[in-house]
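**Student:** Each protein sequence line maps, in turn, to chains A and B.
Counting from 1, position 257 in the first sequence corresponds to residue 257 in this note's numbering; the numbering is continuous, with no gaps.
Counting from 1, position 191 in the second sequence corresponds to residue 191 in this note's numbering; the numbering is continuous, with no gaps.
The hints are simulated quantities; they were obtained by calculation from the structure and are not laboratory data.
For glycine and all other residues, C-beta sits at the position ideal for the given N, C-alpha and C.
The reader is advised that the hints may include incorrect statements.
Listed below are several chain B residues computed to face chain A (Cβ distance under 10 Å; list not exhaustive) [said to hold, decoys possible]: (1) D53; (2) F56; (3) Y234; (4) A309; (5) L335; (6) V376; (7) V389.
As a plain string of letters, each chain reads:
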Amino acid sequence: MTPNLKWKIIFIFAVVILCVYFVLGLPTFPTSPAQIRDNFTQQIKLGLDLQGGTHMILQVQVQEAVAQETEQTVERLTTAMRSKNIHYEEARRADDTHVIVRNVATDQVSQFRDLIHDQYEGAWELGSAPGDPTAYLLTMRPSYLARIQETTMTQSLETIERRINALGLTEPTIQLHGRKDNEILVQLPGEGDPARAKQVIQAGGQLELRLVEDPATYPSEAAALSAHGGVLPPNTELVRGRSESRNSQNPQDNGEAWYILSRSTAVTGRDLRSATESRNTEMPGQWQINFQLTSEAGRRFGQFTEQNLHRQMAIVLEKHVYSAPVIQSRIEDQGRIDGNFSQESAHDLALVLRAGALPASIKYLEERTVGPSLGADSIRHGVQASIFSLLVVMIFMVFYYRLSGVNAVLALILNLIILLAALAMFGAVLTLPGIAGVILTIGMGVDSNVLVFERVREELRNGKSSSAAVEAGFDKAFLTIIDTHVTTVVSAFFLFIFGTGPIRGFAVTLTIGLIANVFTAIYVSKAIFQYHLAKMDRQAELSI
Amino acid sequence: MIELFKQPNIDWMGKAKYFFALSGLLLAIGWAAIFLKGGIKYGIDFRGGTNVDIRFAQPPDIDKLRASLRAQGLGTSEIQGISDIANPNSNEVLIFVEQSGQTDQALDEGKAKVLTALNATYGLNASSKPDFNAATPTSLAGFLSQRDPLSLSINAGDKYQQLAKNLLAFRDKDKNGLITNMDELAGASGSTPAVISALKENYTLGPFAIRNVEIVGPKVGGELRNQAIRVTLYALAGMLLYIAFRFYGGQIGGSAGWASRGMVGFALRVIDRIIFGLAAVLAVFHDVLITLGLFKIFGFEISLTVIAALLTLVGYSMNDTIVIFDRIRENNRLLRKEPFAAVVNKSINQTLSRTILTSGLTFLTVLVLFLMGGQVLRAFAFALVVGIVVGTYSSFGIAAPLVVAWNRWRGQTAAGTGTAAGNKTRGSEGGQPRLATAGRR
């Protein structure tokens with residue numbers, strides 16, 4: 001045996017041992033078949049379609065955040081114009097990204113322009129409104145728009161992540177998804193019923209404490225308006241109450257209650273330091289949410305409550321009034337929300353308040369839930385099919401190519417070990433189509449061996465000696481093997497780029513399997529041949 | 001050595017018209033089925049809608065189900081029994097609910113309605129106890145921790161989480177997701193009579209379990225469809241470039257008259273140079289079309305994984321074609337005196353043994369996948385099974401004959417004379433045109 005061959009064999013054994021290490025894991029060296037399976041399942045990450053779980057794609061309605069920003073710009077602008085005494089007829093939001101200011105007093109135009117230039121130049125572009133010679137049109141700059149969209153997405157992602165993590169589920173995945181910039185992917189392994197998670201994710205979470213301007217509540221918007229002569233008092237708005245807070249004994253009660261609240265907020269969700277749920281001591285069986293304010297907000301709130309003693313303060317969550325208690329005394333730092341909460345709903349609401357409000361609402365685009373029994377079934381089918389196809393291939397190769405067939409089988413087994421080790425090492429996720437990729441690797445991988453063996457047979461037929469035939473066979477087949485793998489790997493590459501989850505798993509296993517196949521079918525197989533030839537009698541016939 | 005094919009000598013190109021006829025027939029049957037029976041059958045990935053896969057403890061009464069679904073306003077939904085080849089009595093049903101319009105309804109409205117219908121049919125709405133067959137690890141662990149049937153109190157740690165996991169794993173893996181009697185849980189590791197009686201008190205056993213739910217919104221479906229078509233076209237274009245580059249042919253020239261002048265002449269000369277690539281891509285395209293037709297005939301749905309299988313078979317079919325083209329090029333150099341069709345025949349015969357073997361082995365493995373891989377992968381495996389057979393056939397049945405036919409049409413009757421190395425030499429008028437090949441072997 002040449003020293004070259006010796007090094008080859010040592011190298012191959014080193015690769016084998018390294019791969020086995022990756023697949024089976026150390027330091028707890030497995031001592032029983034059950035532990036082998038345990039280690040194995042720990043090392044290889046299973047996709048949702050194999051372990052069961054929920055997969056959701058959410059779409060953040062970024063245009064809401066944009067519209068909100070435009071609305072706030074209008075407010076700031078009007079306040080600024082009033083403080084500078086600039087007269088105008090109307091300033092309003094035209095659509096999500098445009099503001100119209102009409103009929104600015106002609107002698108104050110330059111003041112107006114200066115104001116815009118000083119404070120709004122970076123984000124807005126001033127122009128004249130088409131079709132209205134007296135009006136100005138403020139258009140949001142694309143860079144500013146992009147920035148709002150980006151921060152909205154980042155904030156949504158972080159908030160959702162905080163909420164889901166607070167639920168205590170196993171290893172959730174939350175990430176941006178796809179090429180559109182407003183989709184988020186959420187994966188919850190092992191979660192068979194996503195209802196609770198969905199509620200927590202979608203909850204707006206906007207908390208506001210506002211003064212109640214009119215102590216009476218009304219059964220409908222129209223009733224509220226007519227009680228005030230058709231026009232709401234200045235700086236107020238109508239907000240709906242939660243239907244659960246209504247007494248359902250009254251047959252006329254349709255569950256609606258409308259409040260007239262001040263527009264300005266004393267406290268918002270951002271001022272919360274913490275929120276927890278606890279039993280409602282006054283109403284046994286129900287739960288409540290206690291929240292603490294930051295010290296700065298506490299000071300503001302203290303002033304607010306002092307100035308408004310004996311008036312009602314509405315606790316508004318997600319644009320619904322939950323309760324409207326009377327302010328009995330100065331409150332500095334904490335408050336309470338009660339309503340018909342069970343422990344679970346109180347816990348979830350406290351969680352949402354802690355995690356912060358969502359900057360824009362969420363719409364669901366896609367939801368898939370694989371039950372755990374289906375996952376277990378899929379694993380079983382996949383493993384059975386893999387083993388069976390391996391057996392079929394093995395039997396055929398040994399039957400058709402005799403001892404060389406054993407060579408091919410060894411190379412194929414090493415191929416699979418390398419494939420599994422690579423999956424474990426890269427942390428790639430194994431999905432059901434991924435297992436199909438393994439089976440396809442078995443089928444295509446052995447093709448390479450067939451290519452070589454057929455060439456070797458041809459060379460033997462042409463009269464070459466055993467070792468020369470082997471040499472020539474591998475030589476001539478090399479490029480063709482590379483060729484046949486290239487097109488399939490290119491296909492897999494496309495699949496990886498454009499595919500999602502399970503399909504990516506397929507692309508990954510197929511690619512890794514074929515790349516490993518180049519190594520095993522050429523390098524390793526040849527080494528086995530060379531070893532065999534070295535041990536063999538010079539004149540003996542090659543078993544192929 | 002055992003050899004399946006000893007020196008075959010078949011006149012493949014002579015049989016070309018039979019091959020074309022066979023392909024034409026398959027294409028016609030497949031696409032007639034598609035056009036006459038309502039178009040390509042898209043899966044939920046491309047249609048949008050809701051799929052609910054339910055397994056029952058007893059064989060379900062489909063008519064009763066249909067009636068209660070109708071009561072929920074889901075009269076147009078499709079109910080299909082799933083019978084797996086491997087598991088014929090699985091009592092499993094697939095309910096498909098269409099996506100109702102493009103409005104902003106809750107995405108899971110369909111699923112909620114199906115559940116209500118099921119609960120109504122089986123009287124589960126009345127019971128106040130939770131269903132053990134629908135319990136999740138977190139809720140079960142919560143219940144067990146509260147109830148503490150093992151009297152662990154503060155020493156519980158995460159024992160109840162582990163116990164919940166074991167109980168549910170037993171239900172899902174050993175009992176296929178459905179338990180009909182709580183006593184069956186005695187087989188789960190960690191369960192004691194105290195645990196079982198606690199469960200009996202607090203849980204009911206629903207007669208069905210939800211195996212799988214897929215909900216795809218309306219916009220997503222359309223987008224995915226466009227994306228799938230785009231990807232397939234890109235892949236084909238990529239293949240065309242690759243093979244055209246690899247088998248870039250010289251000018252088969254010499255035709256006089258209208259075929260050598262102006263735009264037409266230019267276009268024809270371009271095709272001369274890339275005829276191998278074109279023929280290969282046409283063959284692959286033919287494979288995909290036949291596969292789609294067979295899908296319609298056998299009633300399989302086109303889903304995202306099926307598209308993945310189609311792309312894989314595009315790559316695989318290219319393989320085969322490259323092998324034969326490789327050999328044609330090699331033989332072209334060696335056998336200059338022979339007619340091109342004969343060269344092609346010889347090339348196919350020489351590679352026949354290895355083609356049948358490699359395709360046969362790959363075919364066997366995907367056949368195993370089709371038969372044993374389970375319901376989820378069945379359509380995927382079908383695409384591969386069909387694709388490998390058709391892909392192998394198209395290499396010698398479509399691609400090679402196309403190249404031969406093109407050469408013949410361009411006045412080509414003899415293989416190369418003159419230097420083979422360069423690819424820029426022009427053939428003389430009506431004289432000794434040859435097919436020069438370039439590139440490495």
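**Student:** Given Y234(B) was flagged as interface, is its beta-carbon under 10 Å from a beta-carbon of chain A?
**Tutor:** 6 Å, holds
**Student:** Holds or violated: F56(B) as interface residue toward chain A, Cβ cutoff 10 Å?
**Tutor:** 13 Å, violated
**Student:** Hint check: is the beta carbon of A309(B) less than 10 Å from a beta carbon of chain A?
**Tutor:** With a closest approach of 8 Å, the A309(B) hint holds.
**Student:** Could you check if V376(B) really has its C-beta closer than 10 Å to a C-beta on chain A?
**Tutor:** Since the shortest Cβ distance to chain A is 6 Å, the answer is holds.
**Student:** Is the interface hint satisfied for D53(B)? The criterion is a beta-carbon contact with chain A at less than 10 Å.
**Tutor:** This interface hint holds because 7 Å falls under the 10 Å limit.
**Student:** Against chain A, is V389(B) within 10 Å by beta-carbon distance?
**Tutor:** 13 Å, violated
**Student:** Have a go at the L335(B) hint: is there a Cβ in chain A nearer than 10 Å to its own Cβ?
**Tutor:** 17 Å, violated
In this structure, the hints that do not hold are numbers 2, 5, 7, in rising order.
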